[in-house]
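Undergrad: Next come the chains, spelled out residue by residue.
2 protein chains.
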Amino acid sequence: MPKPRRKLQPFALQDVAFADPFWAPRIQTNRRVTIPYEYRQCQKTGRVDAFRLTWKPGQPDPPHIFWDSDLAKWIEAASYSLATRKNRRLDALLDQVIALIASAQQPDGCLNVHYTVVEPDKRWTNLRDCHELYCAGHLIEAAVAHFQATGKRSLLDALCRYADHIATLFGPRRKKGYPGHEEIELALVKLFHATGNPRYLKLSSFFIDQRGTKPHYYDKEAKARGDDPARYWARSYDYCQAHLPVREQTEAVGHSVRAMYLYSGMADVAAETGDQTLLDACRTLWDSATIRKMYITGGVGSAHHGERFTSDHDLPNATAYAETCAAIGLVFFAHRMLQVEAHARYADEMERALYNGVLSGVSLDGKHFFYVNPLASDGTHHRQKWFGCACCPPNIARLLASLGHYVYSAAPRAAWVHLYAAGTGSAEIAGRKITLEQATDYPWDGRVAITVRTAQPATFDLMLRIPGWCDGWTAAVNGQAIQPLVTKGYARIRRTWADGDRIDLTLDMPIRRIVAHPSVTEDAGRVALQRGPIVYCLEQCDHRAPVRAIALPDAAPLTARHDRKLLGGTIVIEGTALAPAPGGWKGKLYRPADAAKARPIRIKAIPYCLWDNRTPGPMTVWLPRA
Amino acid sequence: MPKPRRKLQPFALQDVAFADPFWAPRIQTNRRVTIPYEYRQCQKTGRVDAFRLTWKPGQPDPPHIFWDSDLAKWIEAASYSLATRKNRRLDALLDQVIALIASAQQPDGCLNVHYTVVEPDKRWTNLRDCHELYCAGHLIEAAVAHFQATGKRSLLDALCRYADHIATLFGPRRKKGYPGHEEIELALVKLFHATGNPRYLKLSSFFIDQRGTKPHYYDKEAKARGDDPARYWARSYDYCQAHLPVREQTEAVGHSVRAMYLYSGMADVAAETGDQTLLDACRTLWDSATIRKMYITGGVGSAHHGERFTSDHDLPNATAYAETCAAIGLVFFAHRMLQVEAHARYADEMERALYNGVLSGVSLDGKHFFYVNPLASDGTHHRQKWFGCACCPPNIARLLASLGHYVYSAAPRAAWVHLYAAGTGSAEIAGRKITLEQATDYPWDGRVAITVRTAQPATFDLMLRIPGWCDGWTAAVNGQAIQPLVTKGYARIRRTWADGDRIDLTLDMPIRRIVAHPSVTEDAGRVALQRGPIVYCLEQCDHRAPVRAIALPDAAPLTARHDRKLLGGTIVIEGTALAPAPGGWKGKLYRPADAAKARPIRIKAIPYCLWDNRTPGPMTVWLPRA
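First to last, the protein sequences are chains A and B. Counting in our numbering, the first sequence runs without a single skipped number right up to 666 at its last residue. Counting in our numbering, the second sequence runs without a single skipped number right up to 666 at its last residue.
Worth flagging that the hints you see were computed from the coordinates, not collected in a lab. Please read all numbers here as calculations on a predicted model, not as lab measurements. Just to be clear, a hint being listed does not mean it is correct.
For identical chains, the list gives no copy identity; a pair is met inside one copy or between any two copies.
In silico BS3-like cross-links for lysine-lysine, where the CA-CA straight-line distance does not exceed 25 Å [what the hints assert, rightly or not]:
(1) K425 x K230
(2) K528 x K47
(3) K637 x K407
(4) K126 x K192
(5) K644 x K216
(6) K528 x K626
(7) K216 x K260
(8) K192 x K605
(9) K628 x K528
(10) K162 x K528
(11) K216 x K162
(12) K47 x K84
(13) K254 x K628
(14) K215 x K242
(15) K84 x K96
(16) K162 x K263
(17) K162 x K215
(18) K47 x K96
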């Protein structure tokens with residue numbers, strides 16, 4: 041097995057617990073409501089029964105090419121949930137669903153409902169547009185998650201057989217294909233970790249290395265189907281990041297979820313193989329995605345058409361696509377780069393996406409979902425109960441169920457804290473089992489107290505992330521102020537830690553008016569409100585004037601207030617802004633500014649992730665400055 | 041013949057002359073450059089030779105269903121030009137082109153190239169999507185213009201035969217069809233005026249009355265073709281304003297050029313028949329279009345998709361469609377309503393469109409055209425030499441060639457001045473031939489001197505429009521200040537006028553910051569600069585900072601300066617605004633507003649209609665307030 045090149049390893053999922061006011065209730069809703077609800081949705085929509093393989097040509101509702109992935113993501117979510125909290129019924133349900141899935145496996149190892157009952161004659165003939173490898177990837181992720189949560193090999197063995205079958209089809213001396221919708225690349229690295237079998241890493245590397253090379257596989261494949269490659273519906277292979285070999289790609293392009301999954305897989309393979317050229321490509325693509333193409337919420341992929349990235353700084357607010365899955369994909373990519381490089385730039389954007397553009401994807405009740413996450417709305421955009429293309433609901437369920445993964449990392453002689461949230465995290469550091477206990481009201485309060493628990497004194501570096509949004513902070517150990525060095529965004533506190541040692545970190549968390557890069561024309565002359573990692577918005581139900589017409593004077597004082605009853609308890613931002621006086625517009629669409637007076641109006645901004653949980657109405661993130 | 045119900049009649053085209061700094065040079069370029077240029081384009085692209093009817097199935101480039109209309113609009117433009125200025129070569133060329141067109145007329149009177157040589161078997165089978173009646177309308181307009189300019193009946197007679205043929209096909213006891221692309225309605229009223237034959241007015245009324253009634257003609261017609269009406273590509277008949285009977289329509293919807301042509305035809309028919317219900321519908325649709333769906337430039341139809349109107353106040357700037365033809369259509373509609381109602385509200389929007397969103401359609405060199413007129417550009421939008429769908433270039437040519445139509449009107453005892461432009465206009469008023477001589481630098485200067493020329497003293501009202509944009513004005517007759525009453529936007533000066541009587545009208549013309557209605561979310565927190573009727577923009581070539589990032593402090597002084605060398609001579613608006621300081625953005629997409637300092641920057645705004653005549657680059661009309 042090649043030596044891992046990651047600097048960090050996440051703490052194990054089952055060794056991290058949340059007891060904070062922000063995530064813990066959401067994780068609980070995810071476990072109690074969302075996961076059961078999504079299983080019922082999968083049942084209702086035929087996604088479970090499809091694995092019985094009883095569909096016959098001529099019947100309605102043929103199992104769709106991506107259905108398998110929805111149930112797979114649900115299994116993954118349920119398995120993560122099981123890993124952190126025992127649940128006998130869920131365990132039994134998983135066994136039952138997995139048995140059903142395994143029963144659908146074909147003698148050759150193939151495990152795909154659509155290509156078993158609907159188009160068995162078309163297997164592997166259209167990797168570009170169809171989702172066989174994508175579905176396989178999600179089933180592999182599910183199998184690994186279930187194995188790690190339960191130790192049961194039932195699904196893992198089935199997926200190893202399927203992956204083995206795929207490895208007999210694709211490779212340097214076999215078909216040189218690769219998925220149109222990336223996903224299996226990162227899944228195969230997980231399978232490699234779970235099994236230790238290097239074949240899976242090799243297959244992942246092959247898919248990545250082969251991508252976009254000439255002669256182009258999708259051209260050959262299309263011709264073999266009798267299609268004209270020039271008539272590709274998406275016009276260019278950049279839609280699926282197959283326009284160039286991945287190491288020559290410098291710009292985040294195409295379908296944003298595909299992009300994020302690919303880049304995550306690239307980071308995984310680079311971490312395993314130590315391939316610097318691949319890692320360099322990851323860095324370049326990270327910069328493209330996050331420095332030039334990302335919403336302040338961490339949403340990526342601004343265009344509805346093709347669910348894709350567009351040009352640099354093209355970030356329209358009302359028509360933002362910013363698919364929930366793409367923000368989740370950004371978290372995956374960030375988390376992988378963070379383990380490899382141990383640089384807070386990745387944790388900063390991971391935090392941004394998690395607290396804003398990811399969490400907006402699910403309602404407080406856990407049963408309504410955004411696919412699209414605009415930064416302004418005319419009042420017609422609302423969460424839905426489910427989608428025909430239902431990728432987002434189980435994606436956010438698996439993310440919330442596995443959130444513990446993202447908080448801490450271990451290095452041989454260091455414990456890293458990436459995210460602040462009350463709770464605990466344990467790992468073996470420098471040969472000692474240590475536990476970090478966080479006490480904090482983060483993200484509502486910037487004061488974080490971390491107590492080290494260790495049976496014996498342990499010498500290691502405690503690496504505390506100083507968030508990119510934070511301009512001022514102090515730290516103390518056992519009440520003594522310290523001034524640790526900050527490297528790559530982490531304050532390093534080296535010490536021989538005794539049980540009960542306490543670190544107090546205080547992060548200044550003023551309300552900030554944020555501006556976007558001058559090239560983001562959509563946000564010219566506007567500010568967004570941010571406090572700590574939380575991006576705020578104005579929702580219509582809190583305001584009498586149309587929220588999208590409210591302007592915020594630069595000098596207007598703003599205050600943060602904890603409203604414990606609102607939206608499950610949240611900090612709101614309040615102040616006095618300006619709204620156009622309503623009169624004088626009869627029969628007019630335009631008039632002199634000096635005649636159109638503004639009037640003061642009290643505003644109340646709420647976290648963006650919480651919008652659309654009350655009376656439906658317009659919303660806006662970016663406020664004109666006045 | 042029914043008694044006309046118009047309060048006003050435009051001065052005859054040949055009796056109006058321009059000697060002003062704004063229009064006269066553009067009209068000259070139109071005559072000297074654009075009209076010959078467009079004829080060559082029609083030749084080059086096969087639109088002229090198509091009338092030879094030599095195209096055979098299997099040959100490339102079949103004459104398109106709308107080609108006839110392009111040459112027709114060119115004939116109309118050339119005829120207007122001939123009406124105001126003799127040109128023997130153009131006269132001869134017109135005769136030659138008209139002879140060619142007449143030679144294409146079929147024995148039954150039909151005169152349509154596409155349906156003669158390409159799909160003769162499909163005549164009149166798809167009024168919804170095809171353009172037979174639209175092309176007929178443009179040929180009729182051309183025929184009337186040529187007849188009025190030259191007295192020659194060559195084209196007029198051919199088109200009467202064609203219209204007669206159409207009248208044998210459509211009517212209450214015939215096929216109950218009507219055009220999918222309106223145009224023939226207003227053309228038939230012109231033909232009625234030119235010939236006195238009430239059959240044409242009746243046919244126009246029929247088309248208008250029949251529109252949108254049930255059972256729906258387009259349903260029947262589609263079924264007759266073997267098509268499913270439910271599979272209409274545009275989904276709803278509101279695309280072509282056929283979703284409801286016209287008198288029940290209350291909102292400007294669908295394809296904006298079609299809408300404007302329909303409403304113009306409705307106003308024409310209402311004016312002829314005195315039908316109040318039809319006139320009421322016109323007023324309602326006018327309000328919808330101009331009070332809720334119009335750009336500050338007079339552009340209408342904000343959506344690229346379907347070239348259509350969208351919802352109220354949905355006026356995106358960078359993605360504005362605002363087709364040149366639609367702004368021209370708004371001028372047609374406004375001009376008709378103005379003659380009927382004699383209210384300056386129509387002249388105000390007519391002026392707005394003419395000076396801004398219409399004139400932007402053609403370059404200063406007369407050979408480049410905008411089809412789409414956005415109010416902000418990233419620098420990639422430029423005028424083209426021609427278009428596959430070439431409606432706009434000949435449309436603006438015919439408008440500029442007939443601009444004299446829009447300046448003055450006559451009533452039995454009044455002369456009306458709608459637009460101010462140095463030059464002359466003559467008509468018979470109160471039984472006397474009078475001439476109004478305007479001396480002014482309008483639109484650069486608000487001082488207008490009008491001298492009345494009359495062989496004998498004449499008693500009539502001189503009605504001077506006080507523009508809606510004007511907040512302060514003074515008037516004097518022969519140096520004596522007067523305070524005339526203003527009714528419906530016109531100052532009435534009643535007097536027995538002697539030759540040489542001089543009226544001095546001074547319209548205050550400060551630079552105004554204009555705001556849009558609070559519901560226009562796209563313009564929230566922004567101002568546009570307007571001076572007199574001219575809307576301004578910032579063009580990149582005058583600025584070092586990205587123009588779309590420049591913010592204008594409310595208090596920043598702005599000055600108007602006449603730059604005689606710039607863009608053919610224009611008033612520019614100058615001042616000091618704020619641009620984001622360029623530094624500090626390395627690796628950042630978002631940062632605190634207090635860290636991102638602005639720096640003062642000199643700005644120079646130019647008239648919107650003149651943008652994209654210099655170094656190509658970004659442009660913006662609406663500036664963030666600072």
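Undergrad: Compare the structure with each hint and give your call.
TA: How the hints compare with the structure:
For a Cα distance limit of 25 Å, the shortest separation of K425 from K230 qualifies neither inside one copy, at 31 Å, nor across copies, at 57 Å. With identical chains, the CA atoms of K528 and K47 are at most 25 Å apart within one copy only, with a shortest distance of 13 Å there and 78 Å across copies. Taking the shortest alpha-carbon separations for K637 and K407, neither the intra-copy value of 43 Å nor the inter-copy value of 44 Å comes in at or below 25 Å. With identical chains, the CA atoms of K126 and K192 are at most 25 Å apart within one copy only, with a shortest distance of 15 Å there and 95 Å across copies.
With identical chains, the CA atoms of K644 and K216 are never at most 25 Å apart, being 56 Å at best within one copy and 58 Å at best between copies. For a Cα distance limit of 25 Å, the shortest separation of K528 from K626 across copies, 16 Å, qualifies, whereas the shortest one inside one copy, 58 Å, does not. Within a single copy, K216 and K260 get their C-alpha atoms as close as 10 Å, which meets the 25 Å cut-off; across copies the closest is 54 Å, which misses it. For a Cα distance limit of 25 Å, the shortest separation of K192 from K605 qualifies neither inside one copy, at 43 Å, nor across copies, at 83 Å.
Taking identical chains as interchangeable, the C-alpha atoms of K628 and K528 lie at most 25 Å apart only when they sit on different chains, with a minimum of 15 Å there against 55 Å within one chain. In this assembly of identical chains, K162 and K528 lie within 25 Å of each other by CA distance neither inside one copy nor across copies; the values are 50 Å within and 73 Å between. Only within a single protomer do K216 and K162 lie at most 25 Å apart by alpha-carbon distance; the minimum there is 17 Å, versus 51 Å between protomers. Neither within a single protomer nor between protomers do K47 and K84 lie at most 25 Å apart by alpha-carbon distance, with minima of 44 Å and 67 Å respectively.
Taking the shortest Cα distances, K254 and K628 never come within 25 Å of each other, neither inside one copy (60 Å) nor across copies (35 Å). For the identical chains of this complex, K215 and K242 are intra-copy neighbours only, at 15 Å inside a copy versus 71 Å across copies, given an alpha-carbon limit of 25 Å. Taking the shortest Cα distances, K84 and K96 sit within 25 Å of each other inside one copy (19 Å), while across copies they are farther apart (58 Å). In this assembly of identical chains, K162 and K263 lie within 25 Å of each other by CA distance solely inside one copy; the values are 14 Å within and 37 Å between copies.
With identical chains, the CA atoms of K162 and K215 are at most 25 Å apart within one copy only, with a shortest distance of 15 Å there and 51 Å across copies. Taking CA atoms no more than 25 Å apart as the test, K47 paired with K96 passes in neither setting, with 51 Å inside one copy and 73 Å between copies.
Checked against the numbered hints listed earlier, the structure breaks hints 1, 3, 5, 8, 10, 12, 13 and 18; every other hint is satisfied.
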